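Q: As a plain string of letters, each chain reads:
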Amino acid sequence: MKRRGLFLLQLGFTLLVCAFLVVPVILSMLAGLTVNYFIGVESGLTLRWVMEVWNGYRETIFLSIGLSLACLAVTLVLGVPTAYVLAKRQNALTRTLEEMLVLPVAVPGLATALALIVTYGSLSGFRTSWAFILVGHVLFTLPFMVRSVLAVLSAIDLKTLEEGAASLGAGFWPRFRDIVLPNCRQGILAGSLMVVTLSMGEFNMTWLLHTPFTKTLPVGLADAYASLRLEVGSAYTLVFFLMIMPLLLALQAFAKPRPAKFVAEETE
Amino acid sequence: MTDAGTPLAIALTNCAKTFADGTKALEPLDLAIHAGETVVFLGPSGCGKTTTLRIIAGLEEPDAGGKVLFDGVDVTHLPIEQRNVGMVFQSYALFPNMTVAGNIGYGLKIRKVADAQVKARVSEMLAMMQITKLADRRIDQLSGGQRQRVALARAIAVRPRALLLDEPLTALDAKLRDTLRLEIDSLLRSLGITAIYVTHDQAEAMALGDRIVVMEHGRVAQIGKPREIYQRPATRFVAEFIGTMNRLTGAVKNGVFTCKAGSLAWSEAPANTTEILFRPEDIRVAEGHETTGLQGKVAAAFFLGDRTRLFVEVGEAQPLVIESTARRDFSHGDAVGLAIDPRGLLVL
Amino acid sequence: MRHEVRRLILLLLPAGIVFAAFFLLPMARLFLIGGSGKMGWAAYTAILTDDLYLSSLVSTFAVAAATTAATLVISGISGVFLQRHKFPGNAALVAMLTFPLAFPGVVIGFMVIMLAGRQGLIGQVTQALTGEKLVFAYTIAGLFMGYVYFSIPRTILTVMAAAEKLDPKLEEAARSLGASPWHVLRDVIIPGLKPAFISAGAICFATAVGAFGTAFTLAAKINVLPMVIYTEFTLSANIAMAAALSFVLGIVTWLVLAVARTAAGSSVAAAG
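Protein chains in written order, with my numbering: chain A, 44 to 311; chain B, 573 to 920; chain C, 312 to 583.
Taking CB as the label site, the calculated pair distances span:
1. S197(A) x E599(B): 32 to 38 Å
2. A636(B) x A174(A): 45 to 51 Å
3. S86(A) x I328(C): 55 to 61 Å
4. L566(C) x A636(B): 44 to 50 Å
5. I82(A) x A376(C): 39 to 45 Å
6. L52(A) x L336(C): 50 to 56 Å
7. A332(C) x E599(B): 44 to 50 Å
Because the hints were derived from the structure by calculation, they are not lab data. Here the structure is a predicted model, which means the values were calculated and not measured. A virtual CB, placed ideally from N, CA and C, is assigned to each residue, including glycine.
Model the full assembly from the supplied sequences, consistent with the hints where possible.
A: See the structure below:
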């Protein structure tokens, strides 16, 4: 069977790719729990490195969590209305706006960060606060929120639904609250997970935007990789994985759209 | 008056609509709709019927100079949410985030009606539309016909001053359309509400309308009772859009119309008539012993059970359509004599 | 209706203000500063005239192009395979392949170290087999490996989504006409996936050109453009040059994405 051979070949290849992605993750988790990785797991398992990370870097963890939640709040406030407008009016102007919003993602984070520093770096109160990093994260994550909500809003017949609500007497705000928001919660949820995950892991901009007092988790990771022993770096990575794993799993679960139900016509 | 508020008289004066891209959807239109009547806007797609409905609803504003009056009050610039009209959309526009009951009660909730009263009214509506058992279903668990009923119930629940229906049956299959047409008809009669119904289906228009407004290219072609529209169409467009129309071309001389298929005595024929129009029910195939002035050849015969639809070649651009109830087998090429009832003849 | 337009503008305003104040304005400033250094506006052409910058541009493009090619081949094979064949464990494989989607560049650099670093798996295996320890994490090969690692998850998702929309009847029709699996691949599957390949490839390329975290973790002597910019900014304090280079880098990645979008005819989702 030629087809069977082809199937096995492809399966084998895919398993190899999986191994490429997954093996280092497992290795690093293991390394974070091993007494001496150079000797191997035989040297015994320990939580010593994790504790070391916790003692040395826990502020970075809290800052990253706080930052990502603040980022989520801002992107919700800015992104959902934007997505609504983009869904409502699809013309050259709104397409240009959408295009522009994506720029901070297309342009390397390094460039954006430099731009922010040369423009606002002299406002020292702002420069040294975590809000400076927040600005970068919002620019970078906003398009994901907008696109995620916009995708859902474009898939439903928003215009007619709103007209339906208006015909029943609902003005703009009741319509927005009762019809628009509930019907795009799927997109808001997916967008929120994406925003939090990306904000947690953002490094390209943050490395330039941070100060010694505003170190985020990825900044701490880079520190640890550069200056500490492999086991500590691994333990730190392990902590990071544990933090974003639930988010990534949730993202995967929500990425799949619900299949439409078939409803038979009633017989009369 | 069982259910609705006082019926509303609607008037449009000089209402035109040009869209942002420059398309002229509606030529200046004047129209008076009496309180309590059902008016059907009929026409092919793009004729301006939906635009007119949306202007009445408050979903579009007419071009400057146009006015919409509700009981004599100018509502031209009032958005739909302040007009208190009920609307049924072609796609139903049911809210997927609410149950059936939630949809029906939404308009009342917006009006800040007390919960108990909302509940009572919703049950009343569910019972009226015979969908009580669907109250807690989600919208995506409903069939097309059920959705249609929910949409109607939702529009009526708020006791609107007028009910606006935009092709409400188009999304349904033929059989269900017939059933629901009947239901909508009796519903409108029992409510006594002013209703405007948009459709491209002439059978629906005939069945439901107290009056029909036939539209073409953004203009009103004719306004009248169904019978008038059918029997006395004002224009060729109306004549051909509604029902089937046969056509013979020729000339009149001394009360006799002569065409390629022969001649026909018609004493009332206007002078200079070059074309006569008539419905399939006004022409029949002559019996064997009859002599007639008109002859043709059967081009096709479709046996439909209760009758046979004949296409008869008479040397015109289009064959004549004849509904024959005769218990007779026709086959391609048969020569037939044709008799036309002169009372059904039209000249446009 | 005019009222509605006003409302829509009002809804756009918060995002618009934030975006203008924190992106458009800084970018304009970056552009001006790029031309304000010792070299003046020539800083913008230095990337082509200065040997150091030019060589880093070439190696940046080379590693990005190699990443794109490798990622497309790998994700193309596995993505189409996983979409076409539903077998027990399929979902688990998809989950594993897309799981690293949001790993930051620094972490991916560390994954490369775990595989090809001094204490890495590849080194241990090669030492056991040949007695020679293979370590390449800190070279351009390591960077390439990291970028491929980074790009596979999102590319597989794009390919799978496109393969799902591919009508299986086309393939059946081709087979009914006598096409071999190879012909089906060449004449039906690859043309059908072309838009997805173009858009996913553009994202791979743009990300690889602009990424910084992975190179930073692997550090050492990798001479790619983002590292050069970083060095100019921090070590040489040559802000004008860093600004000019990063502005050019931004234009290049944006152009790649824009051209790909036109070519693919559909919207190219942005990279992470």
